[in-house]
Structures are given as structure tokens and as C-alpha cells.
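Top to bottom, those sequences are chains X and G.
Note that the first sequence covers residues 1 to 466 in the working numbering.
Note that the second sequence covers residues 1 to 202 in the working numbering.
Hints listed in this document are in silico derivations from the structure and should not be mistaken for laboratory results.
Every residue, glycine too, gets a C-beta built ideally from N, C-alpha and C.
Heads up, some of the hints might be wrong.
To be verified - In the BS3-like style, the derived pairs of lysine-lysine whose C-alpha atoms are separated by at most 27 Å in a straight line are:
{"no.": "1", "chain 1": "X", "residue 1": "Lys-244", "chain 2": "G", "residue 2": "Lys-190"}
{"no.": "2", "chain 1": "X", "residue 1": "Lys-257", "chain 2": "G", "residue 2": "Lys-201"}
{"no.": "3", "chain 1": "X", "residue 1": "Lys-161", "chain 2": "G", "residue 2": "Lys-156"}
{"no.": "4", "chain 1": "X", "residue 1": "Lys-316", "chain 2": "X", "residue 2": "Lys-251"}
{"no.": "5", "chain 1": "G", "residue 1": "Lys-164", "chain 2": "X", "residue 2": "Lys-161"}
{"no.": "6", "chain 1": "G", "residue 1": "Lys-183", "chain 2": "X", "residue 2": "Lys-8"}
{"no.": "7", "chain 1": "X", "residue 1": "Lys-257", "chain 2": "X", "residue 2": "Lys-244"}
{"no.": "8", "chain 1": "G", "residue 1": "Lys-194", "chain 2": "X", "residue 2": "Lys-2"}
{"no.": "9", "chain 1": "X", "residue 1": "Lys-421", "chain 2": "X", "residue 2": "Lys-238"}
{"no.": "10", "chain 1": "G", "residue 1": "Lys-164", "chain 2": "X", "residue 2": "Lys-244"}
{"no.": "11", "chain 1": "X", "residue 1": "Lys-190", "chain 2": "X", "residue 2": "Lys-388"}
{"no.": "12", "chain 1": "X", "residue 1": "Lys-338", "chain 2": "X", "residue 2": "Lys-312"}
{"no.": "13", "chain 1": "X", "residue 1": "Lys-251", "chain 2": "G", "residue 2": "Lys-156"}
{"no.": "14", "chain 1": "X", "residue 1": "Lys-164", "chain 2": "X", "residue 2": "Lys-278"}
{"no.": "15", "chain 1": "X", "residue 1": "Lys-161", "chain 2": "X", "residue 2": "Lys-2"}
{"no.": "16", "chain 1": "X", "residue 1": "Lys-91", "chain 2": "G", "residue 2": "Lys-164"}
To be verified - To give an idea of the interface, some chain X residues facing chain G are shown, with a C-beta separation under 10 Å as derived from the structure:
{"no.": "17", "residue": "Arg-18"}
{"no.": "18", "residue": "Gly-21"}
{"no.": "19", "residue": "Cys-122"}
{"no.": "20", "residue": "Ile-144"}
{"no.": "21", "residue": "Ala-258"}
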Amino acid sequence: MKRTLFDKIWEQHVVNERQDGSSLIYIDRHLVHEVTSPQAFEGLRNSKRFLRRPDLTLAVADHNVPTENRVEGIKDDVARIQVETLEKNVKEFQVPYIPLMDSRQGIVHVIGPEQGFTLPGCTLVCGDSHTSTHGAFGALAFGIGTSEVEHVFATQTLVQKRPKTMLINVSGKLSVGVTAKDIALGIIKKLGTSGGTGFVLEYAGEAISNLSIEGRMTLCNMSIEAGARAGLVAPDNKTYEYIKNRPMSPKGDSFEKALAEWMLLPSDEGASYDEIVKIDATSLEPHLTWGTSPEDVLPINSQVPDPKNIEKETLKNAMQDSLDYMGLKPGSLLTDIKIDKVFIGSCTNSRIEDLREAASIAKGKKVNDSVHAMVVPGSGLIKEQAEKEGIADILIQAGFDWREPGCSMCLGMNPDQLKPKERCASTSNRNFRGRQGRDGRTHLVSPGMAAAAAIAGHFVDVRNFN
Amino acid sequence: MKSFNKLSGIVASLPQLNIDTDAIIPKQFLKTIERTGLGKHLFHEKRYSKENNLNENFVLNQEPWNKSKFIVAGDNFGCGSSREHAPWALLDFGISCIISTSFADIFYNNCFKNGVLPVILDEKNVIEISKLADEGIEISIDLEEQQIIAQNKIYKFDIDPYRKHCLLNGLDDIGITLENENKINSYEDKLSNKKWYVPEKI
Ligand code: SF4
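Chain X extracted, bound-state conformation (with noise of 0.2 Å):
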């Protein structure tokens, strides 16, 4: 029987079929934030279980940490106890942790990668939604809930059914300007936020290939977007070199061990999906979202669509109260959108090539005087690399608000925050209402988007912008 990728790393996984058509999955790697994990510990604690394999665990605090004076430690009481929680835990548990004040730390989907934890045909999860983003090296991953958390820490397992396939083709090759954040919007456009729910996504073709890793994994992120919990791409070279050396991945040998088992991984020849999704990457243009929802999404040089053209009654009052709350005209030009904020970061767009990628626009220029514009690396590491590169240079010479790194106004569960009614360009995954800050505005878009919407003081097309 030829193979997808994903069936392989199933098959590969099922320690027990259930009679009920569910199976008892083995999880290879797991992922723990300070948001989702207390009651998992609180629960294992209760019931006086273990923690089966730490060593297949790995901590790290993000969603909650100041991105500025860390040094004076995390200001609000319950943050902070939230934290300190996670540290007494991972002690008591024997966790690997990465903590605050190293440079390692960082947003856990971007550290999982970096350290080499992150591993083709594994199984990964975390108690996070876009734990779909370590899909991009081939490895099954996806969120769970804070009970699965435990179920994890317990038992290495998972109960799971085993979901449909869709092969996302993207055939051709993107034009300049046009990067993987603007397929992932694309996509989404296509199946609407919950066009993928119950599919694994498995994103292939010319496009793909010619991702970087970075570019994959921005894409991968955003495959929860379109309701689907993992999406997958097949791993190659580019993977293979991004893996070796990395901190915790496998060494000499043992690497190419792995490697060999890795290289049977990719879908064959001829095997079949559920379902086929064809997009065209030469059609694709830089989108920004307009809407409270990431399906609401168009080219940039596009009109504020109007709810008038819409037939169903409830899809038009819904987007009626959409363009309410985002304060948009039928009609008007997204071009005309003036912005209060950028923000350049998050697990979808805040590794290195997305800031050198702001960069490259920012170069030379001056951020608008209404905008005030911040960059939230995904890691210590990061941070420092572009440090090295002239990159934060460059930023912060354009007047760019340079920041430790974390998930920061991407939820806005620290101090980064939108003022009621402000408006956003922002690199993140999620433009739902107040998601950012009460009452704030989010745009989605690409980090040289948002880069160029910083200077100009609006949404400008990236592709005519000097």
C-alpha cells in the first residue's frame, strides 16, 4: 500500500487500537508553557502519579514574560506566580527547563526547532494551538488541552482518532514580496477557519520546496487558522541541515541513523488523501486580513468588501459586525488603512529571516511618526544573531522598539497591549476580537508588510514599496 507521510508516522505511533476505532498514540516529544501546565502538574500531584519520561520533555515560560527590564523580574503578581509555579514544577518533576533569564529562552514554538528538540516523524505535542508549526520538519504535531497535558506527563500517550488527510498543492513559485505567511493566509482564504477541522494538512509542491525552513514553519503555524490541528511538510536537505548540530538533537551515529530512517518518511508516489486543495503560488499577492476572523482575509490591493453583496443573513451580519468593530468602510481602499501599532513577532513571524525580512524594508527609513512600531524576537538566540547581523541595528536605528523575546502582544498577556480602538499591523495568527488588547484592531500580515505599513503610517503593497 503506497503511504502519505502522515500515514507513516501514525502507523509508526499506535501502541493500541481501541475497539471503540480510537488509538492509543505514543508522543515523542513534549512541549510545556506555564499557561496550560499547572493543573496538569496540580492533577498528576493529586492523583500521586509520575511523570513518565521527562526527558522527552522539555519547559520553557513565554506567554506571560515582560519583553522589557526583565531584569526587575515579572511585575504582576499572579504572572509572576504563574511562572514560579512552572519553576517549582520542573523541579519537583525533573523537567528540562530553559529559564527566564537565559538566552535560550523564548517562544516555545520557536525554541522547540532551535534546540534540535523538534524531530522529523515525531510525535510532538504542547498545550498550544499552534504546536502545529514543528509540522514543518515533518514531525506529527499538534495542541492539546490542559487534561491531555496530563494524560501526556502520565502515560506518554494520547487517545486519538485517527483524522482525514488533505494534500494542500501549491504548484509554482511566489513572486517577490509574496512569502509563506501570505500561502498560509491564501489557504485559509480558500477553506475558511474551519475548512481543515478533522484534516491533517500535508502542504506540498514547487512552492513548498522552495520554502526555507523559517517559511515552513510559519505555514505550518497557521494550519490551526484553517481548523486543522496539524499541518505537515515532507522533510529534505534544507531540514536535514537545519537538524544537525542543534543542541538536542541526535550526534554523529546516531544522526545518521536517524537520517536514514528519515529519508523513508515523505509521502509516495501515488498515495492518496482524503481530499486535494490546488493553489496556484504565481496568483498569490501579499493578503492582509480585514476582519475579526483570519478567514477574513484579502490581496492588499483589494476594496473593504461590502456586507450588502452577501446573500446568507447571518453571514452578512456578521460581517457587518466585524467591519463595526474594526471601525472599516464598505468600499474603501485597504491601501487607505491608517495604523497605530505594528507588531513584528509571535511563533508565525518572529525567527530570523523574518526579521531580516523587515529589515530589508525598514533599511534607511524612519517609522512613521503616529506608529509606534515594536519587534519581539522569538529567542534569546534570535535576538542575539540579529544583534550580530546589524539587523536590530537597522531596526532600531528606523525607530523600531527593540524587545525581549516572548509571545507579547501577539495575546497581550503581559503588558504588550492595544488601547481600545487602536489599530494593528501585526505578524501574529489571530485577529480576534480583543485578542490583542481590548477592543483593539488586529491586521494580519507579513513581517515586510508590517514593516512597510510602519513607515508609511498605512498598508502599503510591500512589492511597490522603496
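Here the structure of chain X is known, so what remains is to put chain G with the ligand in place on it, guided by the hints.
This is chain G with the ligand only, laid out in the frame that chain X set:
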């Protein structure tokens, strides 16, 4: 886990599409290290004004819906973040059954781990129940029989038999899995010859 079998009560209708877990329980309440106490923050931004006053226009703040035990909602309920704080907040408020045409995967899973029952019905039936909800009419659900009864009409629904069994008996997933611990052990035995498999220490 609390078991779930029968439930009767008021239904709150939230017809919006794509109600996400950020809306169900906003980020500022995720800093808790407990599972309880989130009910007062359920749908916080809709229930309270910026000055923290009760928003009288929001259904969960009005009689009799402030005592709702059910929610009937628009498509793709619970999308977004994996936060289990969403079912915890619903439960803490007193809501343990949600009816919609579709749910996001992670939220759907999380419900079952907490004794919350998500029920999928087709659009026509969801709209019918939503009308009854607005009139303040009580409905009841019987999980054993897989049916909702509303004004003498019976709505049958499907549910995965294993999940139903766990919910009816309040079974703890971990306990059930550990009954097969020998299988996990033998799976791990097979892994032990793959040295590369365990991450290097940091
Ligand atoms: S950066 Fe945003 S999406 Fe990513 S893990 Fe942090 S909060 Fe979640």
C-alpha cells in the same frame, strides 16, 4: 471527572459564527493556576463594560438566562486557542451542554475531559432550539438516549460511543489508559535500540 447523564434548564442563544476561546475566556484570566473560579469571567468582554459594569444587553446577564445550563451557538464554536480554561469557565458558570452545527477540534475534545457535552445538530434544528432559547423555554437532554427534548419535540444526536461511556460514568482517561500500561512498556522497549530517539541533555 463529574459524570453527565440528564440535564434540564434554560438555554442561552449565541448565534454568532466562530465564537473563539479568546471570547469565551480572555487571556487575562489564564494566569490562574486553578481550574475553578472562572465562571464570573465567562465571556468577560461581552458581559462587562470597560469600567467593569454588567452589560445588561448581553444575554447571560439577563433573567432567566443568567441561570442558563445550555448554550446554543453558531458554527465553529470554540475555535482558536487550546485553552481548557474555556470549558472550565463554562462549567463554573453552570453551563454543561453546548449545541451547535460544528465545533473546533481541540475545544470539542476539551469538553469531554471536563464533563461538558458538545452536541452537533444540523442548522435547521439549531435555529429551532435557538428560537426556543430566546423565548426562555427550558429544554432537557438525555445522553443515554442521545436525545434533546424541547417542547415535546425530540432531537436525536450522534456521539462517539467511547466518549459517551466515559461521560456517563465520569471516567478518568488516564486511569483507562494505564490499564494498558504493559502495551506502553513494550512499545518503549522497542524504542530502546534507537539511541538517537532521546534528546541530548541541555
Ligand atoms: S506567540 Fe502567540 S500564538 Fe504563538 S504560542 Fe505565543 S501566544 Fe500562542
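For each hint, the structure was consulted:
1. For a cut-off of 27 Å, the pair hint linking Lys-244 (chain X) to Lys-190 (chain G) stands: about 25 Å separates their Cα positions.
2. About 19 Å separates the Cα atoms of Lys-257 (chain X) and Lys-201 (chain G), which keeps this hinted pair within 27 Å; it holds.
3. Of the pairs offered as hints, the one joining Lys-161 (chain X) and Lys-156 (chain G) holds, with about 23 Å between alpha carbons and a cut-off of 27 Å not exceeded.
4. Between Lys-316 (chain X) and Lys-251 (chain X) the alpha-carbon distance is near 57 Å, which puts this suggested pair outside the 27 Å criterion.
5. The hinted pair formed by Lys-164 (chain G) and Lys-161 (chain X) meets the criterion: a straight-line CA distance of about 15 Å does not exceed 27 Å.
6. For the hint pairing Lys-183 (chain G) with Lys-8 (chain X), the CA-to-CA distance comes to about 20 Å; that is within 27 Å, so the pair holds.
7. Distance restraint check for Lys-257 (chain X) and Lys-244 (chain X): the Cα-Cα separation of roughly 13 Å lies within the 27 Å cut-off, and the hinted pair is therefore satisfied.
8. Restraint check: the Cα-Cα separation between Lys-194 (chain G) and Lys-2 (chain X) comes to about 25 Å, which is no more than 27 Å; the hinted pair holds.
9. Distance hint between Lys-421 (chain X) and Lys-238 (chain X) is unfulfilled; the C-alpha atoms sit about 42 Å from each other, more than 27 Å.
10. A C-alpha spacing of about 46 Å is found between Lys-164 (chain G) and Lys-244 (chain X), which places the hinted pair above 27 Å, so the restraint is violated.
11. Taking the CA atoms of Lys-190 (chain X) and Lys-388 (chain X), the gap is near 40 Å; set against the 27 Å cutoff, the hint is violated.
12. Taking the CA atoms of Lys-338 (chain X) and Lys-312 (chain X), the gap is about 30 Å. The hint is violated against a cut of 27 Å.
13. Taken as a hint, the Lys-251 (chain X) and Lys-156 (chain G) pair is broken in the structure, with Cα atoms around 57 Å apart against an allowance of 27 Å.
14. About 17 Å separates the Cα atoms of Lys-164 (chain X) and Lys-278 (chain X), which keeps this hinted pair within 27 Å; it holds.
15. Annotation: proposed proximity of Lys-161 (chain X) to Lys-2 (chain X) holds, straight-line Cα distance about 21 Å (limit 27 Å).
16. The straight-line distance between the Cα atoms of Lys-91 (chain X) and Lys-164 (chain G) is roughly 37 Å, outside the 27 Å bound, and the hint therefore fails.
17. Checking Arg-18 (chain X) against chain G by beta carbon gives a least distance of about 7 Å; that is within 10 Å, so the hint holds.
18. About 8 Å separates the beta-carbon of Gly-21 (chain X) from the nearest beta-carbon of chain G, less than 10 Å, and the hint is met.
19. About 8 Å separates the beta-carbon of Cys-122 (chain X) from the nearest beta-carbon of chain G, less than 10 Å, and the hint is met.
20. Taking 10 Å as the C-beta cut-off, the interface hint given for Ile-144 (chain X) holds, the closest approach to chain G being about 6 Å.
21. A least Cβ separation of about 4 Å between Ala-258 (chain X) and chain G falls short of the 10 Å threshold, and the interface hint therefore holds.
In the structure shown, a violation is registered for the earlier hints numbered 4, 9, 10, 11, 12, 13, 16, in ascending order.
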